Amino acid sequence: MNWDATDEVMGANEFNEEPGEGETYILVPVSMTYHGDGTSEPGFSLMVDYVTEGGNSYSDAGSVTPKSWIDVGTLHDGGTGEWEIGILIPADQAKNGHFAVSPLLNFSAEDVWVKAA
Numbered sequence: 004m005n006w007d008a009t010d011e012v013m014g015a016n017e018f019n020e021e022p023g024e025g026e027t028y029i030l031v032p033v034s035m036t037y038h039g040d041g042t043s044e045p046g047f048s049l050m051v052d053y054v055t056e057g058g059n060s061y062s063d064a065g066s067v068t069p070k071s072w073i074d075v076g077t078l079h080d081g082g083t084g085e086w087e088i089g090i091l092i093p094a095d096q097a098k099n100g101h102f103a104v105s106p107l108l109n110f111s112a113e114d115v116w117v118k119a120a
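With positions in the sequence shown counted from 1, the corresponding number in my numbering is that position plus 3.
Keep in mind that the hints were calculated from the coordinates and are not lab data.
Just so you know, these numbers come straight off a predicted model, no measurement behind them.
Any given hint could be a false lead.
[What the hints assert, rightly or not] Here are the in silico distance ranges between beta carbons for each label pair: (1) His38 - Phe18: 30 to 36 Å; (2) Gly81 - Asn59: 34 to 40 Å; (3) Glu17 - Gly81: 32 to 38 Å.
Where a beta carbon is used, it is the ideal one built from N, C-alpha and C, also for glycine.
Modelling step: build the complete structure from the supplied sequences, incorporating the hints.
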């Protein structure tokens with residue numbers, strides 16, 4: 004977990020959104036193992052949000068990260084992928100919240116909550 008990753012994210016792609024005053028990128032490491040009959044595209048399989056103690060939620064900024072899901076490729080049954088998600092947050096909100104992880108396009112699934120550390 005990198006709580007001050009602006010330099011890394013901006014260095015990964017010149018077209019990433021520049022943080023505003025008081026904002027920073029965080030890099031959230033993700034590891035996913037797929038089990039199923041078909042295949043899974045990692046970037047379209049789950050969503051990770053950072054939720055502060057005050058209840059504000061911040062999502063993937065759509066940035067290209069140094070270790071992007073794009074480089075993982077398609078996962079087949081038993082396949083594992085690891086990548087980082089860049090989330091733009093207020094710098095003073097770092098390390099005080101939780102991450103909510105939810106599968107995309109599965110509206111009956113519940114979020115998994117992970118304490119920020």
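These are the hints, each one checked on the structure:
no.: 1; hint: His38 - Phe18: 30 to 36 Å; verdict: holds, 35 Å
no.: 2; hint: Gly81 - Asn59: 34 to 40 Å; verdict: holds, 37 Å
no.: 3; hint: Glu17 - Gly81: 32 to 38 Å; verdict: holds, 37 Å
When held up to the earlier numbered hints, the structure conflicts with none and fits them all.
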